[in-house]
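Line by line, the protein sequences give chains V and U.
Residue 205 is where the first sequence starts when you use the working numbering, and the numbers rise one by one after that.
Residue 205 is where the second sequence starts when you use the working numbering, and the numbers rise one by one after that.
No lab work stands behind these hints, which were simulated from the structure alone.
PhoX-like cross-link-like pairs, simulated, lysine-lysine; straight-line CA separation at most 20 angstroms:
#1 K640/V / K640/U
#2 K606/U / K562/U
#3 K492/V / K510/V
#4 K563/V / K595/V
#5 K356/V / K356/U
#6 K287/V / K257/V
2 protein chains.
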Amino acid sequence: MNEQVEIELKNLLNSRYSTSESTRGNYARGEDTYDPILSKAVVFPESNEEVSKILKLCNENKIPVIPFGTGTSLEGNVVGNEKGITISLEKMNKILSVNAEDFDCRVQACVTKEQLNEYLREDGIFFPIDPGANAALGGMASTSASGTMAVKYGTMKTVISGLTVVLPNGDIINTGGRTKKTSAGYNLTNLFVGSEGTLGIITEVHLRLSPIPESIMSAVCHFPSLEDAVMTAQQVIQYGVPIARIEMLNADQMGISINYSKLKDIEAVPTLFFEFHGSESSNHENIKIVEELSKDNKGSSFKWAKDLEDRNKLWQARWDVYYSVKALNNNGRVYSTDVCVPISKITECVKFAEEQAKKFGVRAPMVGHMGDGNFHVVLPYDPEQKDIYKKLRAFNGTLIRKALELEGTITGEHGVGLHKKEYLLEQHPDSIPVMKSIKRTLDPNNIMNPGKIFDLN
Amino acid sequence: MNEQVEIELKNLLNSRYSTSESTRGNYARGEDTYDPILSKAVVFPESNEEVSKILKLCNENKIPVIPFGTGTSLEGNVVGNEKGITISLEKMNKILSVNAEDFDCRVQACVTKEQLNEYLREDGIFFPIDPGANAALGGMASTSASGTMAVKYGTMKTVISGLTVVLPNGDIINTGGRTKKTSAGYNLTNLFVGSEGTLGIITEVHLRLSPIPESIMSAVCHFPSLEDAVMTAQQVIQYGVPIARIEMLNADQMGISINYSKLKDIEAVPTLFFEFHGSESSNHENIKIVEELSKDNKGSSFKWAKDLEDRNKLWQARWDVYYSVKALNNNGRVYSTDVCVPISKITECVKFAEEQAKKFGVRAPMVGHMGDGNFHVVLPYDPEQKDIYKKLRAFNGTLIRKALELEGTITGEHGVGLHKKEYLLEQHPDSIPVMKSIKRTLDPNNIMNPGKIFDLN
Chain V
205 MNEQVEIELK
215 NLLNSRYSTS
225 ESTRGNYARG
235 EDTYDPILSK
245 AVVFPESNEE
255 VSKILKLCNE
265 NKIPVIPFGT
275 GTSLEGNVVG
285 NEKGITISLE
295 KMNKILSVNA
305 EDFDCRVQAC
315 VTKEQLNEYL
325 REDGIFFPID
335 PGANAALGGM
345 ASTSASGTMA
355 VKYGTMKTVI
365 SGLTVVLPNG
375 DIINTGGRTK
385 KTSAGYNLTN
395 LFVGSEGTLG
405 IITEVHLRLS
415 PIPESIMSAV
425 CHFPSLEDAV
435 MTAQQVIQYG
445 VPIARIEMLN
455 ADQMGISINY
465 SKLKDIEAVP
475 TLFFEFHGSE
485 SSNHENIKIV
495 EELSKDNKGS
505 SFKWAKDLED
515 RNKLWQARWD
525 VYYSVKALNN
535 NGRVYSTDVC
545 VPISKITECV
555 KFAEEQAKKF
565 GVRAPMVGHM
575 GDGNFHVVLP
585 YDPEQKDIYK
595 KLRAFNGTLI
605 RKALELEGTI
615 TGEHGVGLHK
625 KEYLLEQHPD
635 SIPVMKSIKR
645 TLDPNNIMNP
655 GKIFDLN
Chain U
205 MNEQVEIELK
215 NLLNSRYSTS
225 ESTRGNYARG
235 EDTYDPILSK
245 AVVFPESNEE
255 VSKILKLCNE
265 NKIPVIPFGT
275 GTSLEGNVVG
285 NEKGITISLE
295 KMNKILSVNA
305 EDFDCRVQAC
315 VTKEQLNEYL
325 REDGIFFPID
335 PGANAALGGM
345 ASTSASGTMA
355 VKYGTMKTVI
365 SGLTVVLPNG
375 DIINTGGRTK
385 KTSAGYNLTN
395 LFVGSEGTLG
405 IITEVHLRLS
415 PIPESIMSAV
425 CHFPSLEDAV
435 MTAQQVIQYG
445 VPIARIEMLN
455 ADQMGISINY
465 SKLKDIEAVP
475 TLFFEFHGSE
485 SSNHENIKIV
495 EELSKDNKGS
505 SFKWAKDLED
515 RNKLWQARWD
525 VYYSVKALNN
535 NGRVYSTDVC
545 VPISKITECV
555 KFAEEQAKKF
565 GVRAPMVGHM
575 GDGNFHVVLP
585 YDPEQKDIYK
595 KLRAFNGTLI
605 RKALELEGTI
615 TGEHGVGLHK
625 KEYLLEQHPD
635 SIPVMKSIKR
645 TLDPNNIMNP
655 GKIFDLN
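With the rest of the complex left out, here is chain V (with noise of 0.2 angstroms):
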């Protein structure tokens, strides 16, 4: 970065460029296995405009430029760029019109999904996608994130209606819009969901709400073996059973959430966590097919959490899974698997990650999200033991390529980042030159989070 483009910056944006090394050690990572890499700078623009000035003197100048959330992801898609400037969005992060009649509402880049909701509220509407962590829905729709919900109602792919997003030559662009649907030429909104940063930045949000449900009920179901507990929740798919969340955790992550949430009442063996979501009668109706077809797998009878003080607690200790794994060593971090297979093949792809976890001796927390046959093993290690994370990389790539095997993803929501790079060209080999070829037409000098999601030479 030359001497130009820092006083430009800086006579831009004042106090808010800073190069100090604890800042920008502050943005060098997200939640992810790498080592931090700290940018020449980091910035905190507060408008789209002051965004586009940004990436049109990046571009001009051709300095990598990384886009930041709240630094929760998980595959490196935030590692910093030695000789590039990272953008923190977080001071764009005003909700800027709520529609509750139309259920939607638009939000700049780093309001985060807690912050929605709380905002909501009052309405009677909530924002269903309902990833771990408490992530900018910038962050979330730049890689196609998921998590607890989605079973029921889909995922950051279909609920995001439109984008505000600055390009790297500085154009700011609108795409999409407020209605349910529109075929107005190509569908740019879903281009740019899922990019990673790699071919603008996203600035605003349009999101479609859901009603708060009239009844809202959690259950809690522990089975003898983890097969029984993932057969029963593939059996509720299957049965077309209308369920809201249906999340699995096997028995050791059981035991390490009740130890880190201090829960009562439940044990740590395998377990699936459901919750319903519809009027009193037809939750009824629901839970009573599901209780029966838990029953025929050997499952518990159920534990319930009815209030929302309960239903809160018990969702926490699964929203905690990261953190509680994380929390196994001191300085620990933690490498997440991420596939996802066809909902026939969830059983078999389980059950094959438990025994190459057995084989290749590591410690295999499992938590997953049944109704979409996507499932996490959340694997704990300490990053001074350099050898250990070149075996978590073999597991990986071992349960990457039985899902492949199983007509499975490589990634059902955590994106490619640095960390699945060579898995892609697996997954993908016919298509990532047409990708490629989108990121040259948007992005010709390759400034935008460069080295994510693939190598362009």
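Position chain U relative to chain V; hints supplied.
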């Protein structure tokens, strides 16, 4: 088209290469308002490889290519090209695989929605996207179609999980896959969905399916005014009732439909058609709410169609809207509008359409997918009367501008085709350059359906 290309195509396709005037005439337009344009030849490939060879040859010789499915598109999307060839995909009509337990299937581009649903019935699953026409699934993908059940089941954009696409250079690529979700690289699937054959030819479509609901109940409700009907629909959606279909027909369209489909027991007044999918008890619950809301807006009591035959008859009338209007004139044509607005604006927009139809002096049968804020004025005309087309176009322009003013879109589900290029410029002035740059990258010789969606120069 030079002689050498003709010879190569003939050698490749034999009798599946046709230059007869009658064949060329049959593939010269869709169900649109344009005069037919005969391409130089029509070809009928049977495999991805044949499509690839044809495109490669055309690309090398800069010959325009028009992909053609069932020819039911409404916006001039498949009008022929005097210097090009039309590729009919009608011989690619095989259902390739069905995974009932995973609710997904893969079909060739010219499988129609009815053909697929016929095939799936025994498995207790169905494909829920339901436009008026019995369209080809490849064509429905190309225009990002939706129809009567989008309010519950989504649109082509949300039910397609993967595609096989042949690019202009002959490359055959596979996007997406079988899983319910994926974050593996750019979402090329949704880039090709809605691209109206301008980026490549969709030859295979991977679809999400739905379980046939335990109970389906259809009802009809009459209203004293169109405003009352539309307001009821608006309130049903805002109340969050999980309805599967909520269709509006105005008085004129009701009269036309009753006459054309020989319907009994329903009246030529503003009407809502409802359909409820779920368990019997949840349907009864939802019906109660909808009946209450209808009554509050002066609706009649519900007329029920309970068994399959009655239901099909009812919906046949809805499906036949286009043909019933077309049949009003000998050799008549239909000019269908397609605006979509946020649900809170739908009453205002429909009322505006009614007023403007009077002002312009045009006959205005109307039908609407009320749950999505999307409605069509289905304008009948005699193409021999040259002055009327101008009037209809002016009426549509006025309606489109009103929709844009109401934060709506120029097309909810028909696409842009030739009809709405100028309006697309108004809706997406800032993002059209991005669309064009993607087009230029993937189709540098502009052979794919040139002149549709936008003009490149």
